[in-house]
Each structure stands twice: as C-alpha cells, then as structure tokens.
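S.K.: Sequence:
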Amino acid sequence: MSIEQFNLISMQEALDLLGVSRSTFDRWRKWKQLPFMKIGKEILIDKGELEKWVRHHAVSLEKPALVLGGATSMMSTQERAATITVGYQSGTAHMWTSLIMKELGWFEEELASIPARRAIQVNWFDGAGGTVLVQGILGGSVQIASLGDYPITICNSMRQMFPGFSPVMLAFDGKTSGGQGISLVVRKELEIKDVSEICNWSLASAPQTSAGRRLSKLLRSLGGNDHRVVHQGMDESMAGIVKRKIAGSAMWEPYISLAKHNGIGQVLFQEGLGEDYLTGVVADEQWALNHEAETVAYLKAHLRVHRFIREDTEAAANLISRIKGIPADVAGQILSRVRWDASFYEKDLQTLVHLQEEDQIGQTGASKPPEIHTNCSYLIQAAKALGLPPLSRTPLQQGWSIEQLY
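All letters in the sequence shown, in the order written, are residues 1 to 406 by the UniProt record's numbering.
Take the hints with a grain of salt, since some may be wrong.
[Stated by the list, open to error] No more than 25 angstroms apart at the CA atoms, straight line, and that leaves these computed lysine-lysine pairs for BS3-like: (1) K243 with K260; (2) K102 with K384; (3) K193 with K243; (4) K188 with K217; (5) K217 with K193; (6) K188 with K243; (7) K260 with K324; (8) K243 with K347; (9) K347 with K324; (10) K245 with K217.
[Claimed, not checked] Simulated DEER-style distance windows between Cβ atoms: (11) S221 with L405: 34 to 40 angstroms; (12) G263 with Q404: 31 to 37 angstroms; (13) K245 with Q397: 46 to 52 angstroms; (14) I402 with K243: 19 to 25 angstroms; (15) L222 with R393: 38 to 44 angstroms; (16) S221 with K245: 24 to 30 angstroms; (17) E292 with I402: 28 to 34 angstroms; (18) A82 with S221: 31 to 37 angstroms.
Treat the hints as calculated values from the structure; they're not laboratory data. Glycine included, C-beta positions come from ideal geometry on N, C-alpha and C.
Please model the entire structure based on the sequences and the hints provided.
M.R.: Below, the structure written as structure tokens:
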C-alpha cells in the first residue's frame, strides 16, 4: 500500500513544496513543531497537518516583516479589504516592473481611479526570494507577488497538494530566451580546461530559485550532483567570490552584469543556462475574484511600466540607478536585453510545465504535472482599459512576436 493512500508525502517532497533546505526543515521540526512521523529511518509528513502548520506559520517563518499585512486570520474582512500587500523582488532584474511601479506610485494611482472606492493602503514587501513570497500568499499576508519561473511551478505544485491554496498566474513579466539572465559567475583567476571540472568546485546559489535549479540541472548533466552546493543569497555569494571563499555562484541579473562591470569575476555560460527564463505575476485566486477592480488596477500599472521600460529605457535605467545604486549604463543594458511582455504564450506555459516534469524525475509514482493555473481575464480588462489591442482569451500559439505591446 503506497504512502499516498495515507495522505503522506516524503521529506524531500516537503522540502520541495516549502522551498527550504534540510537544515531549515530540521530547525522547524525542533523549534516550530513542524508535524512529521518516523517510520523506520524514513521521515514522512501528513499533507493535511502540513497545510495547517504552514498556514499558521507562513507569515513569520523566515521573514517576520511579512506580518506587516497582519495576521490575516485575526483581521476582519473589512480591514483586509482596506490593505493590499504586494510582494516584489528588487534584487532580480527580470522583476523590476514592480519596483518601478512602487517608485512611480502607479498602482496607487490606478487604485485611486476606481469609482466609488474607499481608501486602500498598499504595503510593499521586498522579498529575499520567491519562496518567501509563496509562503506569504499561502499564509494570506501577500495578495499579489512577482515570482520567477521555479517559484511559479512550486505554487502550482502546492495548489495540487493543498486544496485550500489557490494561487493563480495573472500575467507574465520579464522574459529572456535560452535561459539568458542566469549564468555562472566564477573567480577571475580560475582556468577551466574541461567544463566538467566545475563539478568539483565549491559553488553556491540561492536555494529553491530559478538560478539554483538551473545550477543543479547543469551539474547533473555533467555527471555531478548538487550535494556540495552552498545555499546562500546573491550578496553573500558575490562577497564569497571576492574573498575567495567559493569558486563561483549561479547568479541572475543584475548580479551577472555587476560582477563583470566591477571586475569581480568571469562569466561562464553567458548565453544562459537552460530553457527560457520567465517571470510572472501570481495572486491568491479567491482574493482576485473578490477584488476584481483592484486586480485589474494592478495589471494596468504592470502594463504601463512595461511600456515605460520599452519606450524610455534610459529614464527607467536612471530610476533603477537611483533606487539600487547600479550604474545607469549597466541598468540600461540589462533592461534592454529583457523582453517586457505580459502576454500568455503557449510556449511559455509549456516551459513552466517542463520545469515541473524535470523536478519529478526520480520520484516514484509521479504523475503527469498539471497545467499552470492561469486567468487572463484580468489582463484582458487591463489592456482594454489602456486602449491596447484586444488580447486573446487563449494562449498565443506562435513564437514570441517581434512587436511587444503588453
């Protein structure tokens, strides 16, 4: 009889769902009473108990600041309706849309244009990584979030695992083909004769991220594994390269360009690692359903920022430079290499499904991964309100169009 019949999952499945390392999992078992059972040497987790535990702890697991949206279970419906918490990632260039939106106040501007709308406070939470924002959506402290492709697939997997969790993808954000925007940055003095040598290097990457996942895939393809990879943030990895504590790290923009600009390291696989690198906007489905006008308002601001970046890249780069302290010319080069396109393409959705399939390799009894749960109706309304050409209600079947409108 399989463990699925008892509503149980393995520890590795729990790690993947929660987006944490084994050490964090063990710490939560010890100090936060994360539910588990031990059968022989195997640790198993009841899915129902795990969902209850995650919902209870999600607002404060690793980032107490997430409580800024409040412990939502203790707030009245009226109070929750008056506050919207947007999760963004200022440290990831492909998701600078929300950072620019915050700085320009365009979401608040669009909210103010909603007829007969009472005042709504917008809280902006700068997440250290996508999994922190996924936990925020699950716990109810984040309503809308910008996520990379791997955290988006984690959301989709958790939707299947936890029936009470209903994330939905509302739009795409920054995209680059062939995995461009994620590369391996290594110390300048290192020489490589055969690419497989990197399997023996001390490498690092942020855990449960698009970069970390691609590094693991690369090492496996070269006959190695990710057992020795150090899990740490981008800033720590950059410092580790400078101080020669690590050989290199899988990084995303703007860290790749900054490493080159400052002469910190050399970039391997400049053409990118793996499949197209995609990012997008995810929200709690029930919240979006109950707050249609606010959801459309956010996507209107999202589309406006995309147009701003495409049409006035220099101004956008200067803004990023002022906010992040990045040289304007570096920021401009990064922005110009990204496709700022909210549209749903079938090829992009299949890329996300493929990411899920790869994660299931080696799992016993793994079923075909579900399609990515999307709802394009809000984006269609936003585009119409801005006077843009009508968007299709079904994903576009062709490759990326030359013209970018959304």
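S.K.: None of the hints should be skipped; say for each whether it holds.
M.R.: Right, here's what the structure says about each hint:
1. Restraint check for K243 and K260: the C-alpha separation of about 16 angstroms stays at or below 25 angstroms, so the hint holds.
2. At most 25 angstroms may separate the alpha-carbon atoms for a hinted pair to count; K102 and K384 meet this at roughly 23 angstroms.
3. Restraint check: the Cα-Cα separation between K193 and K243 comes to about 24 angstroms, which is no more than 25 angstroms; the hinted pair holds.
4. The suggested pairing of K188 with K217 holds, with an alpha-carbon distance near 24 angstroms, which does not exceed 25 angstroms.
5. Under the criterion of a C-alpha separation no larger than 25 angstroms, the hint pairing K217 with K193 is consistent with the structure, at around 21 angstroms.
6. With a C-alpha separation of about 12 angstroms, the suggested pair K188 and K243 falls inside the 25 angstroms cut-off, and the hint holds.
7. Distance hint between K260 and K324 is fulfilled; the C-alpha atoms sit about 17 angstroms from each other, no more than 25 angstroms.
8. Note on K243 and K347: the hinted pairing is violated, with a Cα-Cα distance of about 41 angstroms set against a maximum of 25 angstroms.
9. Our distance criterion of 25 angstroms between C-alpha atoms is broken by K347 and K324, whose separation comes to about 33 angstroms.
10. For the hint pairing K245 with K217, the CA-to-CA distance comes to about 23 angstroms; that is within 25 angstroms, so the pair holds.
11. Between S221 and L405 the beta carbon distance is about 37 angstroms. The supplied range of 34 to 40 angstroms therefore holds.
12. Our hint of 31 to 37 angstroms for G263 and Q404 holds, since their Cβ atoms are close to 33 angstroms apart.
13. Between K245 and Q397 the C-beta distance comes to about 48 angstroms, which sits within the given range of 46 to 52 angstroms.
14. Range check, I402 to K243: Cβ separation about 45 angstroms, and the 19 to 25 angstroms hint is violated.
15. Between L222 and R393 the beta carbon distance is about 43 angstroms. The supplied range of 38 to 44 angstroms therefore holds.
16. For the pair S221 and K245, the supplied restraint of 24 to 30 angstroms holds, since their beta-carbon distance comes to about 26 angstroms.
17. Separated by about 33 angstroms at the C-beta atoms, E292 and I402 satisfy the suggested range of 28 to 34 angstroms.
18. A hinted range of 31 to 37 angstroms is violated for the C-beta pair A82 and S221, which are about 50 angstroms apart.
In terms of the numbered hints stated before, the structure departs from hints 8, 9, 14, 18, listed from lowest to highest.
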